[in-house]
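Peer 1: Please construct the entire structure, taking both the sequences and the accompanying hints into account.
Numbering (my numbering), first residue to last: 4 to 622.
One thing to keep in mind: the hints can contain errors.
Claimed, not checked - Have a look at the derived ranges for each label pair, beta carbon to beta carbon:
1. L64 <-> R454: 17 to 27 Å
2. A114 <-> W593: 34 to 44 Å
3. D331 <-> T175: 36 to 46 Å
4. P179 <-> L459: 53 to 63 Å
5. S144 <-> K594: 23 to 33 Å
6. K594 <-> E122: 41 to 51 Å
7. P396 <-> G223: 18 to 28 Å
8. D331 <-> R454: 27 to 37 Å
9. H511 <-> D247: 47 to 57 Å
10. A166 <-> R65: 53 to 63 Å
11. M254 <-> D421: 24 to 34 Å
12. N554 <-> R116: 20 to 30 Å
13. E230 <-> D455: 47 to 57 Å
14. P396 <-> Q348: 16 to 26 Å
What the hints assert, rightly or not - In silico SDA-like links for lysine to any residue, alpha-carbon gap of 20 Å or less:
15. K193 <-> R227
16. K83 <-> K112
17. K92 <-> L129
18. K112 <-> E123
19. K71 <-> S538
20. K130 <-> D53
21. K104 <-> S542
22. K164 <-> Q359
23. K193 <-> K168
24. K57 <-> P142
25. K83 <-> P142
26. K251 <-> D304
27. K57 <-> K83
28. K277 <-> S217
29. K71 <-> Q550
30. K130 <-> K143
31. K57 <-> L129
32. K190 <-> L129
33. K200 <-> R241
34. K235 <-> R150
35. K143 <-> V80
36. K277 <-> R188
37. K190 <-> L202
38. K193 <-> M183
39. K35 <-> H47
40. K168 <-> K298
Note that these hints are calculated values from the structure, not bench results.
Computed from a prediction, not measured in an experiment: that's the story for all the values here.
Beta carbons are placed, not taken as given, at the ideal position from N, Cα and C, and that holds for glycine.
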Amino acid sequence: KASAASRHKERLERLSTVRAAEQDMKEELQEKIQQKQEDAAKRHAEYLGDIRQKAWEMSLLRCGSDEKVPNITNFQVQKKCVVCGVFIKSEVHLASHLRSKQHQEEMAKMADRKDLTEEEMNALNLKYIVDAPEGETDPKSVESIERVKNAKKKAKKIKSKLAGKAADYLSTLPPPNKHMDSPNRAKIGKSIREIEKLLGSQGKGAWPNSSVSSLERAFGEMSRAFEKNSAKDQDVFRALGGFDTLEKIYMMLSECGGDNTCVIPIKSLVSAGKVLVRATSGHQINTEFMLMSNKFSLIVDILLDRIGRLTPEQQQQRPEEMTLQGPDPDPLSQSLMSLLSSNIQFLSSGSVKLSQNIAARLQDIVSYIVCSGTVDSLAGYFTLVRDPIDNSPEVAEFLLIALQLLTSLTSAIELGQDPSHLLSALQGTELGGTVSMLYGMLLHQGRDNDRDTEPLELPQHTLDVSVEACTLLQRLVRDHHVQHVLGSEGISLEFRHIASYLLYYCQHHSQQVQLLNLVITLVGYFTANNPDNQSIVQSGSQPSVLQQLANLPFQYFSQPELKAVLFPTLLSCCFNNDVNMAILSQEMSWKLIEDFVQSEDGKENILVKLVTASSSVKQ
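Peer 2: This is the structure in C-alpha cells:
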C-alpha cells in the first residue's frame, strides 16, 4: 500500500510538472502572438503615418504653387503654423496662408534672410506647419462658440419682448369684419372651416388618408383663390381667422419636440406655407399682422430645429463622407424660409411706408432670427456643399431659398447700423459660408484646371444659385463694408478662383450678362482702397482676374451702360497701385478710365465716388 501511494504521488507530481510546463509554453506562445500583433499594428501605424506624411508633403508642395485649384475638403487633423500661430483646416487655407505676407515675413526671419529658394521655403514649411496639438483649439472657434452662446441669451430676451408686444397689439385690435365680401369669399371661408373641423376632430395619432386629402383640398382651394390676385380675398382670409387657423397647424408641429412624428404630413405643412405666402404677398396689412401678432417667431423656432437636423455635428466634422449629390434638402425648411424671406423683403423693399412701431418690430424679428442661430445653421449647411450640384436641382433650390432669406435680412438692416447683430454673425461665419459654398459647387473636382477648352455649360439651377450668392456678396461688400472678411486668409483665395472662373465662363457663354456684371462689380468693391485685395486680383495663374477684366468683349469698352459696369472696377483695381497700373496699361489705355471718371456717368457712380473720395485720380 505504501508503495502504491508513493507511485501515485510521483505520478501526480510528474503530471503537475507536465501541466506547468504546458502552461508555461502556452503563456510564452500567447506572449509571442501578442508581441507579433503589437509589432504588426505598430508597423501598420507607421506605414499609415508615412502615407499621411507623404500626402501632407505633397499637399504642401501642391499648395506652394499658385496654378492649381486647391482642395476645399477639411484635413482629418487640423494643422497649425507654429511660427504664425495660425490654424489651417484645408488645402485652400494652407495655400492662402503660404502666400500671405505674414507667413513670408516670418519664414524670412526664421532663415535670417529674405531671398529664400523654393526648396528652402518648402523645408521651413514642413518644419513649422505641423498637426495641431491635441486639445488645443483654434481661437476663432472659441470666439465663435462664445458669440453663439451670447446671442442665444439675447434671443430669449427678444422672444419674451416679442410675445409681450404681440399681446398688447392683439388686445387693441378691433373685432374683424366677418361680413366682408370678396370674389372667392365662399371658397376661402369653407376651406378655413374645413381645416378647423379637421384640427378639432382628429386625435393625436396619424391622420387617416381621407383627412389628409381633405386638408390638402382645402389648402389647394385657398391657393387657387389667391392666384386671382384680389386684395379683397386676402382681407377676407384675415377677417375669417385664416392666420390663426394655420398657426394652430404650426403649433402642432412645434409640439412634436424635434421628432419626425407630427400627425400632419410634410406635404401638407408645405402646402400651408404656400397659402401663407400668397395670403401676405404684396399685402401690407396682412404682412404687418403676421409681424405684429408675432406669428413669425414660431416659424423661426421650427426652421431652426429643421435645419439643425440637416447639419449634424459629425457631418460638419467629416464633410468628405457626403455624397456627390450634396447635402440633403428639406421641403419644410424651404417652405418656412420662403415665408420669412418674402415677408421681410416686402417690408424692407421701400415700396411700403412703415410706421415707427412696425419698423422697430421688423428689427426685432430680424434680431431674433439672427440671435437664435439661424445664420450659423445656414452657414453650417452651406459648408457641406463640397462638389458640383449640377445633378442636384433639389439641393440648388434649397440653397437658392436660403440665400434669398439671407439677402432679405440684409435688406432689413439700416446702412452703417447693426442692432440685429446680423453683420457680426455673417462675419463670424465667413459671410454665412457663401464663398466656400460657391467654391465647392463651381470649382471642386478640378473643374477649372483646363483653360484651353471652352467650359461646359452649367445647368440653369447652378447659375441661379451663383447669381443669388454674388448678389448677396455684392450687397454686403457695397453697403455693409465687410470687405475685410472677403479678403481674409482662405476666403480671399476662394474668391479669386471663383471670380476668375466665372469671368472665364461668362465670356464663353455670352448670354450670362447678369452674372458677368455682378462678378465685375463685386471685384470692384472687393478691391476698393485695399492694397492687399488689389494684389490678389493680379496674382495666380494667368490670365489673372485683372487681365481678364481688361480683355472683356469690345462692347464693355464702347457701350455706355457696360462701361459704367467695367470702368469703375478697373479704376478700383488699379487706383494708387503701380503694379496693377502697369499690368492694365499693357492691355488698354488708362485714358479711357480717366475720361469715364470725368464724365457725368463717372461722377455719379457709387464705386467711383468711394475710390476717389480721399484724393484725385492718379495720372
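Peer 1: Please go over all the hints and tell whether each is borne out by the structure.
Peer 2: Status of the hints after comparison with the structure:
A C-beta distance of roughly 22 Å is found between L64 and R454, which places it inside the suggested range of 17 to 27 Å. Against the hinted window of 34 to 44 Å, the Cβ-Cβ separation of A114 and W593 comes to about 39 Å, which satisfies the hint. Checked against the hint of 36 to 46 Å, the C-beta distance between D331 and T175 comes to roughly 44 Å, which is consistent with it. For the hinted restraint 53 to 63 Å between P179 and L459, the CB-CB distance of approximately 57 Å keeps it satisfied.
In this structure the hint that S144 and K594 lie 23 to 33 Å apart at CB is violated, the actual value being about 50 Å. Evaluation of the 41 to 51 Å hint for K594 and E122 yields a pass: the beta carbon distance comes to about 45 Å. Range check, P396 to G223: Cβ separation about 24 Å, and the 18 to 28 Å hint holds. Taking 27 to 37 Å as the suggested C-beta distance range, the pair D331 and R454 conforms, at roughly 34 Å.
For the pair H511 and D247, the beta carbons lie near 54 Å from each other, so the given range of 47 to 57 Å is met. With their beta carbons about 55 Å apart, A166 and R65 fall inside the hinted range of 53 to 63 Å. About 32 Å separates the C-beta atoms of M254 and D421, a value consistent with the hinted range of 24 to 34 Å. Look at N554 against R116: about 39 Å separates their beta carbons, and that is not inside 20 to 30 Å.
For the pair E230 and D455, the beta carbons lie near 50 Å from each other, so the given range of 47 to 57 Å is met. Between P396 and Q348 the beta carbon distance is about 23 Å. The supplied range of 16 to 26 Å therefore holds. A C-alpha spacing of about 14 Å is found between K193 and R227, which places the hinted pair at or below 20 Å, so the restraint holds. Distance hint between K83 and K112 is fulfilled; the C-alpha atoms sit about 18 Å from each other, no more than 20 Å.
At roughly 16 Å between alpha-carbon atoms, K92 and L129 fall within 20 Å of each other, so this suggested pair holds. For the hint linking K112 to E123, the alpha-carbon distance of about 13 Å falls within 20 Å, and the restraint holds. Simply put, K71 and S538 have alpha-carbon atoms about 18 Å apart, close enough for the 20 Å limit, and the pair holds. Note on K130 and D53: the hinted pairing holds, with a Cα-Cα distance of about 16 Å set against a maximum of 20 Å.
Pair hint K104 plus S542 holds up; C-alpha atoms about 13 Å apart against a cutoff of 20 Å. With a C-alpha separation of about 17 Å, the suggested pairing of K164 with Q359 holds against the 20 Å cut-off. Taking the CA atoms of K193 and K168, the gap is about 32 Å. The hint is violated against a cut of 20 Å. Proximity of K57 to P142 is assessed by CA-CA distance (about 28 Å); at most 20 Å being required, the pair is judged violated.
Taking the CA atoms of K83 and P142, the gap is near 12 Å; set against the 20 Å cutoff, the hint holds. A distance of roughly 15 Å separates the Cα atoms of K251 and D304; the hinted pair therefore holds under the 20 Å criterion. As the CA atoms of K57 and K83 are separated by approximately 17 Å, the hinted pair is consistent with the 20 Å bound. Note on K277 and S217: the hinted pairing holds, with a Cα-Cα distance of about 17 Å set against a maximum of 20 Å.
Of the supplied pair hints, the one linking K71 and Q550 holds, its CA atoms being roughly 18 Å apart against a limit of 20 Å. For the hint pairing K130 with K143, the CA-to-CA distance comes to about 24 Å; that exceeds 20 Å, so the pair is violated. Taking the CA atoms of K57 and L129, the gap is about 11 Å. The hint holds against a cut of 20 Å. Distance hint between K190 and L129 is unfulfilled; the C-alpha atoms sit about 73 Å from each other, more than 20 Å.
In summary, the hint linking K200 to R241 is supported, as the alpha carbons are separated by about 18 Å, within the 20 Å threshold. At roughly 45 Å between alpha-carbon atoms, K235 and R150 are farther apart than 20 Å, so this suggested pair is violated. A threshold of 20 Å between alpha carbons decides the hint, and for K143 with V80 the separation of about 17 Å falls inside it, so the pair holds. Restraint check: the Cα-Cα separation between K277 and R188 comes to about 18 Å, which is no more than 20 Å; the hinted pair holds.
For a cut-off of 20 Å, the pair hint linking K190 to L202 stands: about 18 Å separates their Cα positions. Of the pairs offered as hints, the one joining K193 and M183 holds, with about 15 Å between alpha carbons and a cut-off of 20 Å not exceeded. Of the supplied pair hints, the one linking K35 and H47 holds, its CA atoms being roughly 18 Å apart against a limit of 20 Å. Restraint check: the Cα-Cα separation between K168 and K298 comes to about 12 Å, which is no more than 20 Å; the hinted pair holds.
The structure fails to meet hints 5, 12, 23, 24, 30, 32 and 34 from the earlier list, while all remaining hints are met.
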